[in-house]
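Peer 1: Model the full structure from these sequences, guided by the hints.
Line by line, the protein sequences are chains A and B. Heads up: the first sequence at position 12 corresponds to 12 in our numbering, and the numbers run straight through without jumps. Heads up: the second sequence at position 77 corresponds to 77 in our numbering, and the numbers run straight through without jumps.
Note that these hints are calculated values from the structure, not bench results. Misleading hints may appear alongside valid ones.
To be verified - From the structure, some residues in chain A lie toward chain B, with a derived Cβ separation under 10 Å:
no., residue
1, GLY4
2, LEU172
3, TYR174
4, VAL175
5, GLU176
6, ALA177
7, ALA178
8, LEU181
9, SER185
10, ARG187
11, ASN196
12, PRO200
As the structure is a prediction and not an experimental result, all values here were calculated from the model. Glycine included, every Cβ here is placed at the ideal spot set by N, Cα and C.
Each chain is listed here by its residues.
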Amino acid sequence: MARGRLQSLKRFARRRPLAIVGGAILALLVFFALAADWLAPGDPTLVEVRLQLCEPSSQHLLGCDENGRDVLTLIIYGSRVALAVGLTSVLVSMTCGVLLGATAGFFRGWTDEVVMRVADICFAFPGILLAILIIFLTQNPSVMSVVLALSATGWASYARLVRGEVLRERELTYVEAARALGLPSRRIVVRYILPNVMAPLSVQATFGVAGAILAESSLSFLGLGPSMSAFWGVSWGALLDQGASYFLLTPHLAIAPGVAIMLAVLGINFVGDALRDELDPRLRGQIGGP
Amino acid sequence: MSSINDHGAPPLLEVKNLKKYFPLKRGLFSRQRRFVKAVDDISFKVYANQTVGLVGESGCGKTTAGRTLLRLLEPTAGEVLFKGKKIFELSRGEMRQTRRDMQIIFQDPFSSLNPRMTVENIIGDAASVHGIARGQERRILVRGLLEKVGLQPSYANRYPHEFSGGQRQRIGIARALALNPDFIVCDEAVSALDVSVQAQVLNLLEDLQQEFDLAFLFIAHDLSVVRHLSDWVCVMYLGQIVEATSCDDLFDEPFHPYTQALLSAIPQANPKRVRRRVILQGDVPSPIDPPDGCRFHTRCPVAFEACRRANPVDTEVQPGHRVKCHIYDAAYDPPSQAVDHVRELCHRLRSDVRPDEPLSPERVRQLFPQPKG
Chain A
1 MARGRLQSLK RFARRRPLAI VGGAILALLV FFALAADWLA PGDPTLVEVR
51 LQLCEPSSQH LLGCDENGRD VLTLIIYGSR VALAVGLTSV LVSMTCGVLL
101 GATAGFFRGW TDEVVMRVAD ICFAFPGILL AILIIFLTQN PSVMSVVLAL
151 SATGWASYAR LVRGEVLRER ELTYVEAARA LGLPSRRIVV RYILPNVMAP
201 LSVQATFGVA GAILAESSLS FLGLGPSMSA FWGVSWGALL DQGASYFLLT
251 PHLAIAPGVA IMLAVLGINF VGDALRDELD PRLRGQIGGP
Chain B
1 MSSINDHGAP PLLEVKNLKK YFPLKRGLFS RQRRFVKAVD DISFKVYANQ
51 TVGLVGESGC GKTTAGRTLL RLLEPTAGEV LFKGKKIFEL SRGEMRQTRR
101 DMQIIFQDPF SSLNPRMTVE NIIGDAASVH GIARGQERRI LVRGLLEKVG
151 LQPSYANRYP HEFSGGQRQR IGIARALALN PDFIVCDEAV SALDVSVQAQ
201 VLNLLEDLQQ EFDLAFLFIA HDLSVVRHLS DWVCVMYLGQ IVEATSCDDL
251 FDEPFHPYTQ ALLSAIPQAN PKRVRRRVIL QGDVPSPIDP PDGCRFHTRC
301 PVAFEACRRA NPVDTEVQPG HRVKCHIYDA AYDPPSQAVD HVRELCHRLR
351 SDVRPDEPLS PERVRQLFPQ PKG
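Peer 2: So, in structure tokens, the structure goes:
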């Protein structure tokens with residue numbers, strides 16, 4: 001049994017090597033986030049003025065920042081913010097999007113009109129602007145406020161996806177049969193329609209995590225990210241912002257968080273690509289995604 | 001027009017002046033709202049334990065009629081009485097209760113079963129929702145139904161893709177039977193099956209009708225299938241019922257020129273039988289703007305002036321035999337030539353379209369005369 005599973009894993013790896021790379025990066029990210037306290041060589045809050053902007057060395061593999069904090073430590077802790085924002089904001093926007101999209105698609109009529117027009121507004125509105133507004137309103141920029149800011153517009157794409165799928169599904173004969181059997185609408189949506197929406201939804205959610213990490217980094221780069229704390233450390237975006245000021249002097253300060261962001265996003269997108277190809281054979285071989 | 005006196009009981013289902021129009025998307029600048037008149041004022045009755053056939057070409061609105069009278073589509077106008085209840089006035093909850101007694105079997109055995117559910121769940125889901133059977137009871141119910149429709153009870157744990165078309169249709173039938181209904185709409189229930197399987201499923205439906213006292217509305221385009229099963233037949237053309245009568249009457253004396261054309265198109269097994277086909281010209285007109293007057297006049301071989309102008313009404317040509325045609329309405333003074341033509345065709349078809357009875361030795365000798373000597 002175990003051998004059979006190993007065999008099929010090997011076959012999968014040969015077919016989709018990028019998925020394995022992506023999976024490994026993702027696993028590493030999760031590992032960093034969970035075990036940051038043990039893994040990190042230093043303390044993310046420890047400021048040592050004598051180490052300001054020091055070059056990479058055997059003690060400090062990636063050097064130190066302007067406050068003399070160990071950059072490797074900061075990057076390991078930064079995975080917490082990235083992962084937390086990525087997962088939570090996708091969870092929140094997906095939940096809202098599925099509920100609203102399924103309702104709109106199944107019941108049609110004015111519910112559909114209202115939900116989809118609001119979704120259109122969310123698509124048209126510059127997300128960063130709304131995020132700035134929300135973070136300004138919450139006053140204290142925290143992980144929660146960033147999640148809220150990203151979900152405020154993020155739900156729309158899930159709602160649109162789910163509505164489209166539900167519209168297609170509800171015309172299928174077996175859904176009509178379920179209605180003819182007198183099943184309640186909620187049961188029809190949950191048991192007959194949504195299971196068939198799960199495949200495209202999980203693909204979109206995976207890409208959504210990558211998108212949210214990128215968006216959080218942008219907000220942090222603009223100084224709107226979650227503020228620094230002992231648990232969360234500093235967001236990669238904020239590190240990038242800080243490092244950019246000294247780019248000519250010590251480029252590794254900007255390059256290190258930049259590479260971290262890139263690898264995380266790339267790894268998750270690799271996983272998303274593989275997931276899409278596996279779940280939806282019609283899209284196999286196509287480039288690009290949502 | 002079958003009335004209460006021939007059956008002694010009020011009808012199980014009564015459709016009165018049912019209309020279903022689908023609005024077309026309006027263009028940006030067009031003010032006029034247009035409709036597809038899929039079902040335009042049809043009325044008929046279904047009695048308990050009886051089968052009514054609804055026949056017509058594809059696109060004539062027979063499927064829409066079936067769905068609307070089950071309120072799977074909301075009607076535009078008209079009334080449906082089921083067991084005396086006005087279906088269209090029921091609340092959502094009452095409607096769900098009523099659905100236990102009225103079911104549907106679909107045409108496509110592939111899309112009508114949820115690919116992600118086991119047969120047990122497909123058949124039993126409604127039973128658990130309606131509180132008929134749960135747990136062990138449901139298992140027994142589902143296995144019993146599978147046996148009733150001629151499948152092995154052990155199939156309950158399988159998924160739809162593991163079955164053939166005929167088997168899937170049987171699963172669809174078992175699902176419809178799970179709530180023990182009184183009335184089932186069979187929407188082209190055998191059209192997607194090949195002929196040998198078709199016969200098996202038709203026989204199954206007949207047996208089930210006896211066993212469970214079912215009434216069927218049998219929607220089909222295949223007249224020989226309808227003839228096999230129906231007590232009463234309604235012929236539809238472009239959203240209207242043009243002829244309605246008992247099954248025997250229809251095949252014995254088809255009055256409407258459209259029915260005559262349909263009957264003459266039934267393939268015959270006997271190649272020696274000389275017959276005349278009524279070949280209709282052109283296509284069915286669009287139900288968006290159906291022709292004025294009689295809807296069939298654009299293709300009718302005997303149409304005369306009044307047909308283009310006036311909408312024919314139901315005429316009872318013989319007791320219980322309704323026809324929507326000006327030929328049978330003396331008020332329109334149909335040309336005698338046309339009347340004669342239709343009458344003649346009616347008689348000719350009677351002898352042509354006989355059920356394919358087993359050939360007697362005399363008939364074989366008659367058909368294939370042996371050279372003497």
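Peer 1: Run every hint past the structure and note whether it holds.
Peer 2: Now the hints, each set against the structure:
1. GLY4: Interface hint status for GLY4/A: violated (22 Å vs cutoff 10 Å).
2. LEU172: 6 Å, holds
3. TYR174: With Cβ-Cβ at 4 Å, under 10 Å, it holds.
4. VAL175: 8 Å, holds
5. GLU176: Interface hint status for GLU176/A: holds (6 Å vs cutoff 10 Å).
6. ALA177: 6 Å, holds
7. ALA178: 8 Å, holds
8. LEU181: 4 Å, holds
9. SER185: 9 Å, holds
10. ARG187: 7 Å, holds
11. ASN196: 7 Å, holds
12. PRO200: 15 Å, violated
Violated hints for the displayed structure, listed by number in ascending order: 1, 12.
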